[in-house]
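Chemist: Please build the complete structure, drawing on both the sequences and the hints.
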Amino acid sequence: MSELPFQPLIIVGAARSGTNMLRDAVTALDGFVTWPCDEINPIWRHGNLGWPTDAIPPERAERAQEFIRGSFLRLWRARGKPDVIVEKTCANTLRLPFVRAVLPEAKYVHIVRDGRDVVGSARKRWRGEMELPALPYYAAKVRYTPASDLPRYGWSYLRNRISMLRNPDRRMSVWGPRFEGMAEMQSAGVPLADLCAAQWSACAAAADAAIKAMPSSVALTLRYEDVIAEPLSALRTIAEMVGQARTDEALAHATTSISRASVGKGRQTLGPDAARLAATMAPLLSRFGYGD
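Residue numbers (this note's numbering): 108 to 399.
It is possible that part of the hints are untrue.
DEER-style ranges, computed between Cβ atoms [as the list claims (entries may be wrong)]: (1) Met-108 to Ala-295: 39 to 49 Å; (2) Glu-291 to Arg-259: 17 to 27 Å; (3) Ala-389 to Leu-111: 35 to 45 Å; (4) Ser-109 to Arg-259: 28 to 38 Å.
Hints are computed from structural coordinates only; laboratory data are not their basis. Glycine residues also receive a C-beta, built at the ideal position from the N, C-alpha and C atoms.
Modeler: Laid out in structure tokens, this is it:
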């Protein structure tokens with residue numbers, strides 16, 4: 108395996124945990140570049156498309172390694188050979204040992220958000236509500252989907268939309284990282300809020316365990332709320348970890364789009380579900396410092 112001529116930086120976090128916000132801030136720094144689409148899960152899953160969840164084991168990395176590394180290299184060349192390639196795919200929270208086997212040079216940032224806020228936000232996505240126009244969003248994703256896998260993804264998209272129309276709760280059959288047991292929860296008709304809570308828990312727990320198993324020189328965990336409160340400090344820590352220290356002026360410019368508006372917003376939508384969900388997520392909430 109030839110060493111990559113750039114530094115891969117992998118941002119992970121449960122869906123709706125601020126991964127987009129963090130990626131956009133990091134890639135506002137000179138020398139940091141990412142894909143011109145939201146996520147590249149089809150690239151990560153190529154060669155393992157039949158695996159039932161996104162928790163692809165590291166033993167299956169060999170079949171995908173050449174393709175994934177080649178995709179990173181092609182982007183690096185196409186984007187002017189930057190110092191750092193930043194990648195953010197939420198499903199990677201469930202398979203970080205696999206990612207490390209594919210990209211042993213990579214460094215990692217795990218962003219964690221209060222699970223109660225995540226549930227409130229994720230419910231909207233499960234029901235098909237989007238922040239971006241759907242057509243450009245999916246068109247950009249198709250561009251980075253392997254051609255041989257397109258028929259399967261096309262069918263999955265149609266099935267998802269049909270499921271949403273038929274489901275009394277107006278939810279998709281699949282959204283976000285696919286964790287062990289998710290399909291069974293869907294089949295059993297588990298309430299959507301509980302499904303979202305389980306999804307956050309599975310992603311946050313898996314990523315936390317994997318990050319803690321890595322040397323501190325290559326991985327760190329940040330809380331969403333702390334990034335919002337001290338964005339310059341968070342970005343400085345990330346830049347220094349990948350050997351790309353930047354001036355305070357550059358850091359300040361990169362963080363201008365970070366807003367506090369969403370802190371506490373999601374949990375306000377939980378209504379009567381709030382206490383039950385907080386109880387089920389309590390151990391993880393406490394682990395990450397969300398004790399209130």
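Chemist: Note whether the CB distance of Ser-109 and Arg-259 lies within 28 to 38 Å or breaks it.
Modeler: Since the Cβ atoms of Ser-109 and Arg-259 sit about 30 Å apart, the hinted range of 28 to 38 Å holds.
Chemist: Hint says 39 to 49 Å; check whether the CB-CB distance for Met-108 and Ala-295 agrees.
Modeler: holds (43 Å)
Chemist: Holds or violated: 17 to 27 Å for the Cβ distance of Glu-291 and Arg-259?
Modeler: Holds: the Cβ-Cβ distance is about 22 Å, inside 17 to 27 Å.
Chemist: Is the distance from the Cβ of Ala-389 to the Cβ of Leu-111 consistent with 35 to 45 Å?
Modeler: The hinted range 35 to 45 Å holds for Ala-389 and Leu-111, with Cβ atoms some 41 Å apart.
Consistency with the previously given hints is maintained throughout, with no hint failing.
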